[in-house]
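**Student:** Given chain A, put chain B in place with the hints provided.
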Amino acid sequence: MRARLLWRKGLSWFMLSLTGFCALGSVLVLFFILGYLVVNGGRAINWAFFTQLPKPVGESGGGMANAIVGSGKLLLLASCIGVPIGFLGGVYLAEFGGRTFSFLVRYTTDLLNGVPSIVIGIFAYSLIVLPMKHFSALAGGFALGVMMIPITMRSTEEFLRAVPKPLREGAMALGASKWKTIQRVVIPAAFRGILTAVLLSLARVAGETAPLLFTAFGNRFWSDGWMHPIASLPVVVFTYAISPYDDWHRQAWAAGLVLLVLVLLTNVISRTVLSRGISVTRS
Amino acid sequence: MSATTATVQRAGPAWAPRVFLRRLANGDAVAHLITLIFAAAVILITASLFYILWRDSALPRAAFGWNFLFTQTWDPVFEKFGALPFIYGTLMTSFLALLMAVPLGLGAAIFLAELAPARISDGLTFVIELLAAVPSVLYGLLGVFVVVPFVRTVVGPALENSFGVIPFFKGPGYGVSFLTAGLVLSIMIVPFIISVSREILMAVPVDQREAALSLGATRWESTWRVVVPYARSGIFGSIFLALARALGETMAVTMVIGNVPAISASILAPGYSIAAVIANEFTEATGDLYLQALVELGLVLFLLTFILNGMARLLILATTQKGTAHE
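Protein sequence lines correspond, in order, to chains A and B. Under the numbering used here, the residue at position 73 of the first sequence is numbered 73, and the numbers go up by one with no gaps. Under the numbering used here, the residue at position 229 of the second sequence is numbered 512, and the numbers go up by one with no gaps.
Keep in mind that the hints are not guaranteed to be accurate.
[Unchecked claim] What follows is a list of derived Cβ distance ranges for each label pair:
id, chain 1, residue 1, chain 2, residue 2, range
1, A, Glu169, B, Leu600, 45 to 55 angstroms
2, A, Arg2, B, Leu597, 39 to 49 angstroms
3, A, Thr272, B, Val313, 19 to 29 angstroms
4, B, Thr354, A, Gly62, 40 to 50 angstroms
5, B, Ala494, A, Gly42, 51 to 61 angstroms
6, B, Met594, A, Val268, 42 to 52 angstroms
[What the hints assert, rightly or not] Calculated cross-link-like contacts (lysine to any residue; reagent style SDA-like; alpha-carbon spacing at most 25 angstroms):
id, chain 1, residue 1, chain 2, residue 2
7, A, Lys9, B, Ala495
8, A, Lys73, B, Ala324
9, B, Lys363, B, Gly593
[What the hints assert, rightly or not] Covered stretches of chain B (in silico footprint by chain A; criterion: 3 or more residues with CB under 8 angstroms from a CB of chain A, positions within the stretch not fixed):
id, segment
10, 342-355
11, 377-385
12, 445-452
13, 579-586
Keep in mind the hints are simulated off the structure, nothing from the lab. The beta carbon of each residue, even a glycine, is placed where N, CA and C say it ideally should be.
Isolated chain A, as found in the complex:
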């Protein structure tokens, strides 16, 4: 009897510490990734990386100014598509939606969120690249924009729902119409949360490579306007990493570090600073 109890207690202790190691291991992976990229990328990064164009194969040095600007342009285009649809759709779900149709929208949004990014790339290719007959920043931005919609929409909905009911009732009691209530009271109260959602979805699509491979394609020079192929950081990381040149590998690490820092910073800042105390009492 005593032995049985000891065994059970021992097993409990053993399994529970095992779960602790699982958690610890998962967390250590992040620090490993971070450390490895900082060490390798930090060695390769310099001022020229941010200011110069890529050098031709064989010459060392050069930078990725065009890819950094290209990523920025693509994200701008993506927000033009993702933010309005995501935001207003979220307002509909939280404020106006009936039962059946809202469920349908919500469910579809979740499914769209799970569609592999490469499939979104095919979609943008068939819709924009094929009719135009060439790769363009527009097609890449469209693909990223579609990927932004689900995250923005669902988080907007969640943050709007979190606004306390008495606030709405107060506005309505003062004679405001439903829309005025939403516009002047509910949305401002949830504003920081919504901003967080938009930033997080931007951070997610900023690292997407697959949908850009055959929409924005890539470019070793500056790309003017929106109708030409354009370089972007994640695609550069990919093409440079699988190339056979050591100097390109070095640059891939540098570009990877820049990308990681951008994405993680956006995440950390928006999660800790912006979304802290979303409660209405403060804003």
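**Tutor:** Showing chain B alone in chain A's frame:
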């Protein structure tokens, strides 16, 4: 809130011009309509996504029919296209990834939900969610320069020496392989399993635990025999979500799987996956049949993840609602 919605929607007599104009003037109906259009855009986009994949894969569907899914030859020169090696590669790598990620993720989720004090749990979860935000191409980058050499020099030879007799572990390994892709994928999907499972475990009512403990169960017994079974379907949901991620993952897999369209029993052999072949060959596809065969691969991938995600969402929904109903 829903009461006012109902009046806007069901306002039968409101269509009388005067009432309608008044509603228009205070903006409610207009706002309702505009936001409705944007919400409906999501359904439109998803539907046209499916339509375009279907439309643009008409040629190979007519030429090969169901054989497309069950034949092995992938020969662009003679225009013979069979998707089996890619489907095999996708399923194999995802299976390997789950094999490694599920125990790790579930263990970590149990620790975070059941054992860790709230502050530590929140802190660790924050870090783990950051892990989910790392772009997949960076996992690929680390895969190429860290995991591939590691598998080639350490894991591969070790497996081959101890279990080389079994065809699963037959060498020689080049580093790029199903196993490498599975390893990288497992690292990528662990955060998803952890954060969803943790939330679901935390939704299990406290009285379930208290009842088990008061009957004399140890902490582990109450967790494993009571809490986990209670949250079972939600945990399955989180695993399906992770599986859907793994199936559709492109960049990291493309960079480490070896890109050889062959079916090998050995997990140390190089292979190919659906997403990887699309990424590599789409821009180089010559001829309509070739291109459309790739689009059909995209369609297969789309349907696969669509079904998995649909099931996962329903499972998670069912569990969390059951959980809250008991509170």
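**Student:** A separate judgement is required for each hint: does it hold in the structure or not?
**Tutor:** Hints, verified against the model:
Remark: the range hint 45 to 55 angstroms for Glu169(A) to Leu600(B) is contradicted by a beta-carbon distance near 29 angstroms. For the pair Arg2(A) and Leu597(B), the supplied restraint of 39 to 49 angstroms holds, since their beta-carbon distance comes to about 47 angstroms. Look at Thr272(A) against Val313(B): about 38 angstroms separates their beta carbons, and that is not inside 19 to 29 angstroms. Taking 40 to 50 angstroms as the suggested C-beta distance range, the pair Thr354(B) and Gly62(A) conforms, at roughly 46 angstroms.
Between Ala494(B) and Gly42(A) the beta carbons are some 54 angstroms apart, a value that agrees with the proposed interval 51 to 61 angstroms. One distance hint, 42 to 52 angstroms for the beta-carbon pair Met594(B) and Val268(A), is violated here, with the actual separation near 33 angstroms. Taking the CA atoms of Lys9(A) and Ala495(B), the gap is near 15 angstroms; set against the 25 angstroms cutoff, the hint holds. Restraint check: the Cα-Cα separation between Lys73(A) and Ala324(B) comes to about 24 angstroms, which is no more than 25 angstroms; the hinted pair holds.
For the proposed pair Lys363(B) and Gly593(B), the alpha carbon gap of about 33 angstroms is over 25 angstroms, so the pair is violated. For the segment 342-355 of chain B, the proposed coverage by chain A is not satisfied: 0 residues have a C-beta within less than 8 angstroms of a C-beta in that chain, short of the threshold of three. Requiring three or more residues with a Cβ within less than 8 angstroms of a Cβ of chain A, the coverage given for the segment 377-385 of chain B is violated, as only 0 such residues are present. Here's how the segment 445-452 of chain B fares: 0 of its residues keep a CB closer than 8 angstroms to some CB of chain A, so the rule of at least three is not met and the hint is violated.
By the rule of at least three residues with a Cβ nearer than 8 angstroms to a Cβ of chain A, the coverage given for the segment 579-586 of chain B holds, with 3 such residues.
In this structure, the earlier hints numbered 1, 3, 6, 9, 10, 11, 12 are contradicted, and the remaining ones agree with it.
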